[in-house]
Amino acid sequence: METAGNASSTVELYIYDLSRGMAATMSRSVIGRHIEGIWHTAIVAFGREYYFGPAGIQTSRPGGTVLGKPDKVEKLGDTYLSYSLFFEYINGLGTFKFAPGTYNLLKHNCNCFSEEVSIFLSGKGIPKYILDLPEEIFQTPIGQELKPLIETLFNSPGRAVLFTVGQIFLDSGNQREVSPEYELLNEAIEEARLNSIALEERRNELNEKLAKEDRKKKKKKKKEKKQKGSKESTSDTNSTGPSNCTEMAESEAAPQLTEAQLLSLDENTESLPAEPPIVFKDLVDLKAEYEALSNLLQGKLNEDEKVCLEELQQYVLENEGSWALGDTFLNFVGRILEDQSVPSDARVKLFNILSVAALKDDVILLLHQDRREHIIMNYAYDFDRHPQEEQLALTQFMTNLFENLSSSEWLLYISLWQHENQSISNIRVTTKVAIHALLSSSTDLQTRGAALIHNLACKEVFDDVAAELTMALCQYFNGNPEEEQLYVCMKSLARLTQVSTHYVPMIIKMVGLKPSKFQGTSERVDEQIEQFDGVSDLVAGISLGLTVIPQSIAYAALARLTAQYGLYSCFVGAFVYPILGTIKEVSIGPSSLMSLLTLEYTRNMPVDFIVLFCFLAGCVELLMGLFRLGFLVDFISIPVTSGFTSATSIIIIATQLQGLLGLKFKADSVVDNLVKISKNIQNVRLPDFALGLSSIAFLLFFRKLKDFNCCVGKDDSGQQGRTVLMKKVLWFLSICRNALVILIASTIAFCLEKRGGSPFILSGKIVSGLPTMALPPFSSQVGNQTYTFVDMCYQYGTGLIVLPLVSVLANVSIAKAYASGSTVNATQEMLTLGLCNIIGSFFSSMPTAGAFTRSAVVSASGVRTPLAGLYVGIMSLLALSFLTPYFYYIPRATLAAVLISAVIFLIDLRIIKLLWNGCKRDAIAATVTFLVSVIFGVEVGLLIGAIFNLIYIIRPSARPQIEMIECKTQLGNKYIMLKPDSGLFYPAANYFCNKIVGIANKYAENNIPIIVNCERIRNIDYTSIKSIEVLSRNMNAEKKRLWFLNVHPDTFESIGSLANSKNFSFIHDEDNIPEIFYDGTFTGNAEEGKEKLLENSLANATFTSVKDNEKSTETFDKIVTKLEDGAEETAFTLSPSSKT
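Take the sequence shown: its letters are residues 1 to 1140, numbered as in full-length UniProt numbering.
Incorrect hints may have been included.
[To be verified] List time: in silico DSS-like cross-link candidates among lysine-lysine, alpha-carbon distance up to 30 Å:
(1) Lys995 <-> Lys1026
(2) Lys679 <-> Lys664
(3) Lys979 <-> Lys1062
(4) Lys679 <-> Lys704
(5) Lys728 <-> Lys679
(6) Lys72 <-> Lys124
(7) Lys360 <-> Lys281
(8) Lys72 <-> Lys107
(9) Lys97 <-> Lys72
(10) Lys728 <-> Lys754
(11) Lys913 <-> Lys974
(12) Lys704 <-> Lys913
Read the hints as simulated data drawn from the structure, not as lab findings.
Based on the sequences and whatever the hints tell you, model everything.
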């Protein structure tokens, strides 16, 4: 029944139906209620079955009782207790609580025994339906009648056994007689098994003792060195800190056992902790604390509780074993913790005493007694509700539990129980206490909280716990921590980044934590910060290097260059960007986009053209940075970029199909590639095709490897370390998938080549060694033709603009994506990119830029500074120095698979549907860019996409939206209100004037005035002013029909400067609109105007009546209705007031 690991044993519950199925069949007719069975249970652990009967606790091999095989088997969990500890426990139960003669069918039976042992071993009890069976039977009418008879019979000594389950195990008369030889053999086997378990436990104990002794020796030597070299005595240390405990100093590596010692231990012995825990020793005066506790509890305890208090004295003060603590000791502890009539100081004293007990090896026996009621952990869960002194003592107790392996593992148990309607576990409670203590306002409590988090970080905790602890540490770093706590927390954070390599760096990045702000606090803090950044950057650099190197070789093949040119392009950017760059996640090097554009503009040209192209692209990028032209990339929208990127990926996949199929031909476009593949389909090389498909499958599988859920047996806390380790391994394999597939394929090709010939097309010979530094070639010889610098520039054509623009766009986009909320210095990024390409051209580099795939890898690896790129440069130089001869054996099909697997996920066709539902204009732009790029080339597609965007940007200025509203004054006069939505410039002048003329002609018969609301017009040019002036002069020649309302002062000044303001009619505000109707303008003469005014006044009068000094006024409510042509009509209706 033991698991593969030595530290755990499976705990199972064997369930037997004593009625042999009759209860299920006859129970309803006999007692009126259906009962599944009459249950007898036994616990199976450490390869044995344990059960309780009238003769006491008995054991046999699993299923070896007269009942035969169990009817049901339920797994209760796993136990990490040693067999010797369990043996001592079971003997204790058999001596007292479950001794022979204590059996009671109703109240103290086999199921009660199984419940007790199950909680001790696994932390949870047996199913409730088994325990509730007697009560369920006695609730029936027949059960109530039989209960007195059963109790009477059971209390009779002579007949008790008639109704006990255990009788079945004692009565074996009907069984076949067992031979003496069989019994001797079983005894020998059992003795050998027990000896093996004891030997294993002895090995583990020896291992732990050796480790402790080694740590003590190292501590002693270190202390002696400090005493010799230090002027200050260690006795001056702050008494509230862990001065007399394991020091909060540099972590020491785990002691290395000698070969002889290792041979004496089991080969599967659990690995030693990387560094010792922080505990608090000699801070408590036991005698004084015990006397104070006794005085505080005087007169408050019953006799049993007084005995428990004496047991505590024997255990802690008199150094007796945990056997001194009785079964009711935890009830005594629960009374002290839960009874509010007990003074708070009593709880403080109790935990101070228990914090010393926590340092004892056998404290685990006390803790395991609490696995049913969870008295201590329930109290700890309410940590934030307790007084600060109680919090301090409790945190010290939990911190000291890390002194021993068994008690520290108890704190990490993940078995759940219910408390206040919430599911909690030991690890959740421990994490809560650590976080609340660290973030408290008390320095002493922060010291203990930091120690507790440090001890947790030294364990292999799950990612969710590591994430919570990291968030607490980040919040703590926002304050002004003291040096001691700061150092411990820095160590903890460094450990957590190693425990959870994905989530912790992501949280640190999200929060924006910068440990460098604590630089200069102390020498050891500085060392910890440097170590923290250095380790993170080293891991990130190696991970990135294992991604960049194989990709660079593949990108060189995409540009139709040999592999060394890909590596030439790696190391310059890796060395230059960390010095001048601003974003730590950006990695400058070859990319699929740069390789494809390079191929487009240097097709069928020698490498000189590519090197000069790199130099000129760098010069353009540098000029863009110097003249601050980064805004140009803003004219390329995300939909256009998406369409361009997807088209580029399609083109790359099409170009790599020939390598995947083992074909060789030259093609200029996607269509040309597909046509030539169809023509040469009979020449496909099956070995290359099979290798290519296998490589793609390998890459896709390993890409998902890091997302696999490897948490097998989540309820088993012993699996925790193995799970975390497995997740790290899977993540690393996923990151290195490109290097792995090239290594495997090259090894296969090498072996086949040595045996007579490889069936694959290989990369061929490659120039070894580092590149020589030289000026980029400003002329080149192609056959018999010499290309001058001008000829070479003519060959590049629009590529001198397109490639730098695309590289800047890619680099700035990556920088913005990984800026973590801070601003991006686009100018600095362009200058850095330009210098990388210029300097790279001196080392025969191809054009380079950033790549999202590399940035994603380095970000997930927990990069801290841009210096991680230095490791990429070093790895590239090492590869050029030592590995180039072996690049000969890299199959082309594998390189094609690397490229296809890298770019296939850049194809984003789903965005078309998304954009179509949200903004059809963007959907059209993305689709047009994609199609044009695939059919006519990426440079044409990008240009068309940018022009398409510019058209939509320019169109609103040429065709402004004009809102038209039909309105009425309070006196019933109609007018048209026009509201342009933006400024007026020359492209819109003619459109605006024609719009007004059309509206004027529509309402010409009624002489309705047109009022232009200029509140949104802040800018207007000369052409627009002159066009409107002509329109206004013509419309207002006979009657003033065109008016301008809410004219901005700047616009008014422009009109006055560029035109005759007499030709314009202005209204200052809306309150003055009625005046334009009654100044004689729209009537035949003044008298007619007056009559019209009087008529309108009577028709739309506001009546006011005066009564008892109160006025009642009729009010007008404004109602807006829609006209048939879509315009709005504003009318007013009369509504009486509440008082008349």
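(request) Check each numbered hint against the structure and report the violated ones by number, ascending. (result) Going through the list in order, the structure violates hints 4, 5, 10, 11 and respects the others.
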